[in-house]
Amino acid sequence: MDVLKKVPVREQDPKVRATNFEEVCLGYNKDEAMEEATRCIKCKNPKCVTGCPVSIDIPGFIKEVEEGNIEEASKVIAKYSALPAVCGRVCPQESQCEERCIRGIKGEPVSIGKLERFVADWSREHNIKPQPPETLNGKKVAVIGSGPAGLTCAGDLAKLGYDVTIFEALHEAGGVLVYGIPEFRLPKETVVKTEIDNVRELGVKIETNVVIGKSTTIDELLTEEGFDAVFVGSGAGLPKFMGIPGENANGVFSANEFLTRNNLMKAFDESYDSPIVSGKKVAVVGGGNVAMDAARTALRLGAEVHIVYRRSEAELPARVEEVHHAKEEGIIFNLLTNPEEILVDENGRVKGMVCVEMELGEPDASGRRRPVVKADSEFTLDVDTVIMSLGTSPNPLISSTTEGLEVNKWKCIVADEVNGKTTKEGVYAGGDAVTGAATVILAMGAGKAAAKGIDEYLSTK
Amino acid sequence: MYKILKKEVLANNIYLMDIEAKRVAKSCFPGQFIIVKIDEKGERIPLTICDYDREAGSVTIVFQAVGASTQRMAEYEVGDTFRDFVGPLGCKSELVDEPDEELKKKKILFVAGGVGTAPVYPQVKWMKEHGVDVDCIIGARNKELIILEEEMKKVAKNCYVATDDGSYGFKGNVNDKIKDLIHNEGKSYDLVIAIGPIIMMKFVSLLTKELGIKTIVSMNPIMVDGTGMCGACRLTVGDEVKFACVDGPEFDGHLVNFDESMKRQVMYRTEEGRAVLKLKEGDTHKNGGCGCGGDK
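So the protein lines, in turn, are chains A and B.
Reading the first sequence from the start, the letters are residues 1 to 461 in the UniProt record's numbering.
Reading the second sequence from the start, the letters are residues 1 to 296 in the UniProt record's numbering.
Next up, chain A with everything else stripped away, as it sits in the complex (with noise of 0.2 Å):
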């Protein structure tokens, strides 16, 4: 074994798995994760912890993989984390705890993403629940969304005894891990739905097909419902489109109506009701993970995909593995290159894209180098496809319909970082809706924070 390297996970052939939504990754064994462990020397003054946004004791679980207690090491990260087998998978350890990993300066660092998700999937797998508090405090706390930051602040504070309601707009629970994050990378039926169920498990109640401030307000949970403290966790989830002409034409779509299809509608396998349009040339215009999301998703529809991002590929804010592998599944990435106009045919269907080419200029304000057209570089992308993967922003359907609740310029709700608190008394916000579309991890941390925020108000209430 060479102590500088990982121990390599598996993975489906990408020529394999370009034609199927199995998992890409199979991740660890017991053995392989028990050998990746020994990699671990158990820092004294760990690093790794501190870039968690959750700040799982790392070394603590590791010890027990290593020696082979798996249901120790699930109760170590229990303590932290109530949706492992997510974040082991989706969150960005190359930016978070692994970049700050001992081993990482001189090799590579610490798999701790895939021996964190090996420890989630064991404890699946040996049916290992977690406990609920034994007593209630007699409170209850209403929590909005169901995606990682309300799970997550969910999960705390009922662990804490508190009787948490969830309430969630669409038919399944989840939020982004359902209808935007891809089977491929992030199962639903075995991990998410466990995941979702352990939460569960802990008490906490999920009332779907609830859309706060049109079926009832965070005034009314307050007020006629008798909660004592509510938990905003809606997300980002209002898409953003160019403004450029042809952009309601029909094959262009927002990446969260197609991911949305695909993942939460499952529109890929026959047996289920709803459609989606999959044309045979689609272009995805944006660089981050849900551009790359939609890309690989429409590859798997049968269609020939390019990515088409204005910057270059150093700026490419997507993670890294997961450009690695779209590249590896045969996604074209036209770089540098912005769209001006969709093409639109006699019958309202996109026929081509005409983009321009770009180069890097100055370094702007964010000291990112701003993309400036390359003068006469106009050329038209043969698609019949666009998906746009621009970024979104929260929806202001919370905040215009509750009383006293601020917003910033970007419609995010002002929070406290440390303790998620609002400006109105016992509503508390984390996640997407407070920092705008960021990763699920941060939103994990957001959720926790926010649970620790409504615990202490209500203690001293």
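I should point out that these hints are in silico values taken from the structure, not numbers from a laboratory.
Quick caveat: nothing in here was measured; it's all calculated off a predicted structure.
Ideal placement from N, C-alpha and C gives every residue a C-beta, glycine not left out.
Treat each hint with caution, since some may be false.
Stated by the list, open to error - Quick list of in silico lysine to any residue cross-link-like pairs, SDA-like style, CA-CA up to 25 Å:
id: 1; chain 1: B; residue 1: Lys-26; chain 2: A; residue 2: Thr-223
id: 2; chain 1: A; residue 1: Lys-351; chain 2: B; residue 2: Glu-260
id: 3; chain 1: A; residue 1: Lys-351; chain 2: B; residue 2: Asn-257
id: 4; chain 1: B; residue 1: Lys-6; chain 2: A; residue 2: His-171
id: 5; chain 1: B; residue 1: Lys-242; chain 2: A; residue 2: Leu-264
id: 6; chain 1: A; residue 1: Lys-351; chain 2: B; residue 2: Arg-269
id: 7; chain 1: B; residue 1: Lys-202; chain 2: A; residue 2: Gly-246
id: 8; chain 1: A; residue 1: Lys-351; chain 2: B; residue 2: Lys-41
id: 9; chain 1: B; residue 1: Lys-263; chain 2: A; residue 2: Leu-458
id: 10; chain 1: A; residue 1: Lys-205; chain 2: B; residue 2: Gly-57
id: 11; chain 1: A; residue 1: Lys-266; chain 2: B; residue 2: Thr-81
id: 12; chain 1: B; residue 1: Lys-242; chain 2: A; residue 2: Ser-400
id: 13; chain 1: B; residue 1: Lys-202; chain 2: A; residue 2: Lys-461
id: 14; chain 1: B; residue 1: Lys-41; chain 2: A; residue 2: Thr-194
id: 15; chain 1: A; residue 1: Lys-188; chain 2: B; residue 2: Thr-270
id: 16; chain 1: A; residue 1: Lys-188; chain 2: B; residue 2: Asp-84
id: 17; chain 1: B; residue 1: Lys-278; chain 2: A; residue 2: Pro-275
id: 18; chain 1: B; residue 1: Lys-41; chain 2: A; residue 2: Phe-21
id: 19; chain 1: B; residue 1: Lys-263; chain 2: A; residue 2: Phe-268
id: 20; chain 1: A; residue 1: Lys-266; chain 2: B; residue 2: Thr-270
id: 21; chain 1: B; residue 1: Lys-202; chain 2: B; residue 2: Lys-242
id: 22; chain 1: A; residue 1: Lys-280; chain 2: B; residue 2: Met-262
id: 23; chain 1: B; residue 1: Lys-92; chain 2: A; residue 2: Leu-222
id: 24; chain 1: A; residue 1: Lys-281; chain 2: B; residue 2: Thr-270
id: 25; chain 1: A; residue 1: Lys-266; chain 2: B; residue 2: Glu-101
id: 26; chain 1: A; residue 1: Lys-79; chain 2: A; residue 2: Leu-458
id: 27; chain 1: B; residue 1: Lys-128; chain 2: B; residue 2: Glu-101
What the hints assert, rightly or not - With beta-carbon atoms standing in for the labels, derived distance ranges:
id: 28; chain 1: B; residue 1: Glu-94; chain 2: A; residue 2: Glu-406; range: 20 to 30 Å
id: 29; chain 1: B; residue 1: Lys-154; chain 2: A; residue 2: Thr-423; range: 47 to 57 Å
id: 30; chain 1: A; residue 1: Thr-135; chain 2: B; residue 2: Asp-97; range: 30 to 40 Å
id: 31; chain 1: B; residue 1: Asp-180; chain 2: A; residue 2: Asn-347; range: 28 to 38 Å
id: 32; chain 1: B; residue 1: Asp-97; chain 2: A; residue 2: Ile-128; range: 45 to 55 Å
id: 33; chain 1: A; residue 1: Thr-135; chain 2: B; residue 2: Gly-238; range: 52 to 62 Å
id: 34; chain 1: B; residue 1: Asn-158; chain 2: A; residue 2: Asn-347; range: 38 to 48 Å
As the list claims (entries may be wrong) - Away from chain B, derived, C-beta distances all over 12 Å, residues of chain A:
id: 35; residue: Ala-18
id: 36; residue: Leu-26
id: 37; residue: Ile-102
id: 38; residue: Lys-159
id: 39; residue: Glu-313
Since the structure of chain A is provided, determine the placement of chain B on it from the hints.
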């Protein structure tokens, strides 16, 4: 799970159902809609709220069995349940927020086309409950497709029926009847609310623009979530792109780009056709024998 409390056949292929949905019944208003999902594998279907009973906790929906999903829905009976039923969604009708005194000053005409009569009904009923007299035209291709005529007559001051083929009431389409009312019966209106097939709403809007009467239409584009997170239902109103599910579904008919919306409505036409065939013929519809590409 949401229980079916009542089921009625209003006309050939047009069904009315009362669904038990307490939260929706408590907070809904005329102009809003719901989304229903039949079962695990079903799609999300948007339907306008046609009536509600806050005490009983029920919401009335009316649908035409036009595609695979609505045909499947039509097979459900009283006592059966739908897996999901979410709402109220969209904005309530602007008229609901207007003071009764202001409403009473207005001469309002509702124009209902076919199954669109169902979403018009709660609005006219609301007017009646607030002491506002309004006129209503119900239009359909023929007599068999007229629904809710008796109910409408109880709440509208004047209710006119028009059929394209003259099999019942006035012979002609709703536009012919609007012209008849204005030119032959000496009527005048300050506001028209037109709800029905998009082509009807387009032509009513063209006519009322000529006549200088403000017109509200209720758009029914393709939807997925119905909460503003995907933009499947986007349309152009004036110079702006709007999401019908959160900004509407009601818009100023003189500003809507109907031609674009009509093209967007048929985006899944082939898929829908295949789904209907699959439902009717089951496994026999395979291998593209009919040249459509089979079940692919």
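Query raised in the report: Honestly, do Glu-94 of chain B and Glu-406 of chain A meet the 20 to 30 Å range at C-beta?
Result: 28 Å, holds
Requested in this report: May I ask you to check that Lys-159 of chain A keeps its beta-carbon over 12 Å from the closest beta-carbon of chain B?
Outcome: 28 Å, holds
Query raised in the report: Okay, Thr-135 of chain A versus Gly-238 of chain B on CB: inside 52 to 62 Å?
Result: 59 Å, holds
Query - Given as non-interface: Glu-313 of chain A, which should sit over 12 Å from chain B by C-beta - result: The claim stands: Glu-313 of chain A keeps its Cβ more than 12 Å from every Cβ of chain B (closest is about 28 Å).
**Report entry** Pair hint Lys-6 of chain B and His-171 of chain A, alpha-carbon separation not exceeding 25 Å
**Finding:** 23 Å, holds
Requested in this report: Just tell me: holds or violated, for the beta carbon distance of Asp-97 of chain B and Ile-128 of chain A against 45 to 55 Å?
Outcome: 54 Å, holds
Query - Thr-423 of chain A and Lys-154 of chain B - C-beta distance against the hinted 47 to 57 Å - result: Taking Cβ atoms as reference, Lys-154 of chain B and Thr-423 of chain A lie about 48 Å apart, which means the hint holds.
Query raised in the report: Regarding the pair Lys-41 of chain B and Phe-21 of chain A, is the alpha-carbon distance no greater than 25 Å?
Result: It holds: about 18 Å lies between the C-alpha atoms, which stays within 25 Å.
Report task. Below or equal to 25 Å on CA atoms is what counts here, so check Lys-202 of chain B against Gly-246 of chain A. Result -> Status holds; Cα separation ~21 Å.
Query - Beta-carbon spacing of Thr-135 of chain A to Asp-97 of chain B - inside the hinted bounds 30 to 40 Å or not - result: 47 Å, violated
Query raised in the report: Under the criterion that the straight-line Cα-Cα distance not exceed 25 Å, is the pair Lys-278 of chain B, Pro-275 of chain A satisfied?
Result: It holds: about 13 Å lies between the C-alpha atoms, which stays within 25 Å.
Requested in this report: Using the Cβ atoms, figure out if Asn-158 of chain B sits within 38 to 48 Å of Asn-347 of chain A.
Outcome: 41 Å, holds
Comparing the model with each earlier hint shows violations of hints 8, 9, 13, 15, 25, 30; every other hint is respected.
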